[in-house]
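A.B. asks: Whenever a hint applies, use it, and build me the whole structure from the sequences.
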Amino acid sequence: MKYSYSRKGTPYDNAGIESFHAPLKKEEVYTTNYLDFEEANRALFSYIEGCLTEIESMALLTIIPQRKLISW
Numbered sequence: 001m002k003y004s005y006s007r008k009g010t011p012y013d014n015a016g017i018e019s020f021h022a023p024l025k026k027e028e029v030y031t032t033n034y035l036d037f038e039e040a041n042r043a044l045f046s047y048i049e050g051c052l053t054e055i056e057s058m059a060l061l062t063i064i065p066q067r068k069l070i071s072w
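Here the sequence shown is numbered in the working numbering, starting from 1 and rising by one per residue.
Rather than coming from a laboratory, the hints here were simulated on the basis of the structure. Check each hint, because a few of them may be wrong.
Label-pair distances were calculated between CB atoms; the ranges are [as the list claims (entries may be wrong)]:
1. I17 / E56: 23 to 29 Å
2. Y34 / M58: 27 to 33 Å
3. D36 / M58: 32 to 38 Å
Derived SDA-like pairs: lysine to any residue, alpha-carbon spacing no greater than 20 Å straight-line [to be verified]:
4. K25 / R42
5. K25 / T53
6. K25 / F45
7. K25 / E49
8. K26 / F37
9. K26 / Y47
10. K26 / G16
11. K25 / A43
12. K26 / S46
13. K26 / E49
14. K26 / I55
15. K25 / F37
16. K26 / A40
17. K26 / L52
18. K25 / L35
19. K25 / A40
20. K25 / E38
21. K25 / L44
22. K26 / N41
23. K25 / S46
24. K25 / A15
25. K25 / E54
26. K26 / I48
27. K26 / A15
28. K25 / G50
29. K26 / R42
30. K26 / A43
31. K26 / G50
32. K25 / E39
33. K25 / L52
34. K26 / N14
35. K26 / E39
36. K26 / F45
37. K25 / C51
38. K25 / D36
39. K25 / N14
40. K26 / L44
Yeah, the Cβ is synthetic: ideal placement off N, Cα and C, and Gly gets one too.
C.D. replies: Put into structure tokens, the structure is as follows:
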């Protein structure tokens, strides 16, 4: 495992995760009051699962037309 050595606020080597954390915090964490850790855990996993489902569906929409063109 390669560790990140950048300082806080300089996301040059971990821009991917930094760009995911920003909307996660803005859309879920800062807008919700959690009663306990378990509720926060469930809500965050639900948010992440929704993001992954959206990404997968967008990827399928771009892959399927290309496959149809190739099979002709």
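A.B. asks: Indicate, hint by hint, whether the structure satisfies it.
C.D. replies: Taking the hints in turn, this is what the structure says about them:
no.	hint	in the structure
1	I17 / E56: 23 to 29 Å	19 Å, violated
2	Y34 / M58: 27 to 33 Å	29 Å, holds
3	D36 / M58: 32 to 38 Å	34 Å, holds
4	K25 / R42	15 Å, holds
5	K25 / T53	19 Å, holds
6	K25 / F45	13 Å, holds
7	K25 / E49	15 Å, holds
8	K26 / F37	19 Å, holds
9	K26 / Y47	12 Å, holds
10	K26 / G16	16 Å, holds
11	K25 / A43	12 Å, holds
12	K26 / S46	15 Å, holds
13	K26 / E49	17 Å, holds
14	K26 / I55	19 Å, holds
15	K25 / F37	16 Å, holds
16	K26 / A40	15 Å, holds
17	K26 / L52	17 Å, holds
18	K25 / L35	17 Å, holds
19	K25 / A40	12 Å, holds
20	K25 / E38	17 Å, holds
21	K25 / L44	10 Å, holds
22	K26 / N41	16 Å, holds
23	K25 / S46	14 Å, holds
24	K25 / A15	16 Å, holds
25	K25 / E54	18 Å, holds
26	K26 / I48	13 Å, holds
27	K26 / A15	17 Å, holds
28	K25 / G50	15 Å, holds
29	K26 / R42	17 Å, holds
30	K26 / A43	14 Å, holds
31	K26 / G50	15 Å, holds
32	K25 / E39	16 Å, holds
33	K25 / L52	16 Å, holds
34	K26 / N14	19 Å, holds
35	K26 / E39	18 Å, holds
36	K26 / F45	15 Å, holds
37	K25 / C51	13 Å, holds
38	K25 / D36	17 Å, holds
39	K25 / N14	17 Å, holds
40	K26 / L44	12 Å, holds
Of the numbered hints listed earlier, the single one contradicted by the structure is hint 1.
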